[in-house]
Amino acid sequence: MATIELIDLKKNYGAIPAVKGVDLSVADGEFIVLVGPSGCGKSTLLRMVAGLESVTSGRIEIGGRDVVKAEPAERDIAMVFQNYALYPHMTVRKNLEYGLRNRRVKNEEITRRVQEAAAMLEIGPMLDRKPRELSGGQRQRVAMGRALVREPAAFLFDEPLSNLDAKLRVQMRVEIRRLQRRLKTTSLYVTHDQLEAMTLADRLVVMNGGLVEQVGTPVEVYERPATVFVAGFIGSPPMNLIDLDYLRAQSAGTDLALPNGTDLVGIRPDDMVLIGPVEPSIALKATVELLEPVGGESHLHIRLAGSNQLAIVRVPGRPSFVEGSEISVFARIGDLHPYNRASGNRTD
Amino acid sequence: MVENRPLLNFLSHLLLILGVAVVVFPVYVAFIASTHGPNDFLSGVVPLWPGPHLLENYSQMLTTGLSSSGAPPLLPMMWNSLIMAVGVAVGKISISILSAFAIVYFRFPFRTLAFWMIFITLMLPVEVRIVPTFQVVASLGMLNNYGGLIVPLIASATATFLFRQFFLTVPDELMEAARVDGAGPLKFFWDILLPLSRTNIAALFIILFVLGWNQYLWPLLITTDPHLYTVVMGIKRMAAVADAEPRWNIVMAAVMLAALPPVLVIVAMQRLFVKGLTETEK
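Protein chains in written order, with the working numbering: chain A, 8 to 355; chain B, 90 to 371.
Same shape as in the complex, but just chain A:
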């Protein structure tokens, strides 16, 4: 167990910067999820912490120790890979033992830890099988077990669930969370799946273009996205971003109570309603473009009247709308997220 400090961490591939200076401090036992689109540098960042990528500049401290020059094995971390990376010619037991044997852990200790991990992950009956005889979910468990037996200072997860089918993914997600809560091992977890990010994280780190856009608890990030990018990235369907000028023109006379410098306003699809609320609100006329039923709710794609602005409204159930019909949508003034387009930042 340990803290992790990243100080102005940078990575260039030749002349191309992949990570452009990241500062992050992870508390002991905290579960941090790095989330962002492909190519945002989140995996590179994780691999730098693991020691699998060299560091161009900056510092990495694990448990207060500078590890920039240390080999992966000397960093006291364990990593779970996307494609599991189990040794195909070794049995599950050997796979679990390998890292311990290399560290010259005593035999009784190895047996104890393997048994413990096997019990925790329910892979006991598979200990003498080879990885190719296991299903994807079982391999994932073994990969976790290999990290677990090491009892490391930190777990590093590199998109560990993306090779699993949807159902298994949910199941493993819950399991990872449960295990981490129980072991209280500091964890860094990379994913591009925002649902995974929201449900697993103590704190979320949203990355884009090699930089950190926002750090915060999932609820904070969802309720107050710090930048236009985060607003558009976190939340499904994504937040609607509408020009302030358009809103002003449509809701003349209503005080929008937005800070200076705002020229773009975000409204979550959940915050748009079809029946005008009692509180101060804005009303927008729109045309129905498409209705997407997704089960218990539906996503109503609309085009705002007199513009090319598209928006999505989340409505409960499966309402009947004719495509092309004219409707009105409402949003509470208090639910508006104000942004500045040029800086990309929140203005309140």
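Honestly, I wouldn't trust all of these hints.
With a straight-line Cα cutoff of 30 Å, these simulated DSSO-like cross-link-like pairs (lysine-lysine) come out [what the hints assert, rightly or not]: (1) A:Lys191 to A:Lys17; (2) A:Lys191 to A:Lys113; (3) A:Lys137 to B:Lys276; (4) A:Lys174 to A:Lys101; (5) A:Lys101 to B:Lys276; (6) B:Lys364 to B:Lys276; (7) A:Lys137 to A:Lys101; (8) B:Lys276 to A:Lys76; (9) A:Lys191 to A:Lys76; (10) A:Lys113 to B:Lys276; (11) A:Lys27 to A:Lys76; (12) B:Lys364 to A:Lys101; (13) B:Lys364 to A:Lys137; (14) A:Lys76 to A:Lys113; (15) A:Lys101 to A:Lys113.
Bear in mind the hints are in silico, worked out from the structure with no lab data behind them.
Please build the complex by placing chain B on the supplied structure of chain A, with the hints as guidance.
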């Protein structure tokens, strides 16, 4: 093909059988010849049915040999061939797997150049560089010993290339997992890469063993001491006698015996061999 056409079936089987016959018939004739007496070939008609001298011919060949043509008994020659074939196969595999490991997993200056240098030697088989190689071996005092027989044949671009291609298909994560697990480069090689290459090694061993066993020109050049003759060149010596008919029955017995070890190796390792050529364990 899923269609069932009797004529096509018949024709394709006929063709296959003919092909097999063309390959097998000479072997059969050699075997028949090895069971006859020494004078049965002077008539000019090649016998096609086994004769009565099978055991006699083989035991003479194995123990006393053909002293008249300066060839030692077959058993020591086969022993020499075995040492040479195993030496060449093991040497080639060890060197090439290590060079492939270096080329794939280490970033050193001129790495690509090194690979292409190795690759280019494919264009220079032993026969092309035989005179300079002989000069080098002679200067090193390795004429007439096993070292001279084996060492010059050990470098293998083909095997290096094969191992390189195989290593490139091994996922990088495996190496990274090993690094996190505390395995250094050599430990990774020994614990993970080598076991994964098992079937490839077996396939290559067979090919290289047969190659080493069948070497003719190089042993002929490098050995003048009968104690070091290999069996393939020994056969040539027996067949080439001055002012007399070669004793074909004995020569053919030697041929049959010389063909046996490669067959045994292939039969013994064929399961691994096929696996090594067709599938990878990942």
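The hints, checked one at a time:
1. A:Lys191 to A:Lys17: This hinted pair holds, its Cα atoms lying about 29 Å apart.
2. A:Lys191 to A:Lys113: Holds - the C-alpha atoms of Lys113 of chain A and Lys191 of chain A are around 24 Å apart, at most 30 Å.
3. A:Lys137 to B:Lys276: 21 Å, holds
4. A:Lys174 to A:Lys101: Roughly 29 Å between the alpha carbons, so the hint for Lys174 of chain A and Lys101 of chain A holds.
5. A:Lys101 to B:Lys276: 15 Å, holds
6. B:Lys364 to B:Lys276: 25 Å, holds
7. A:Lys137 to A:Lys101: 9 Å, holds
8. B:Lys276 to A:Lys76: 21 Å, holds
9. A:Lys191 to A:Lys76: 27 Å, holds
10. A:Lys113 to B:Lys276: 19 Å, holds
11. A:Lys27 to A:Lys76: 20 Å, holds
12. B:Lys364 to A:Lys101: Given that 30 Å is the threshold and the Cα spacing comes to 24 Å, the pair holds.
13. B:Lys364 to A:Lys137: The hint holds at about 18 Å.
14. A:Lys76 to A:Lys113: Given pair Lys76 of chain A, Lys113 of chain A holds - Cα atoms ~28 Å apart, limit 30 Å.
15. A:Lys101 to A:Lys113: 15 Å, holds
Against the hints set out earlier in the document, no violation occurs for any number.
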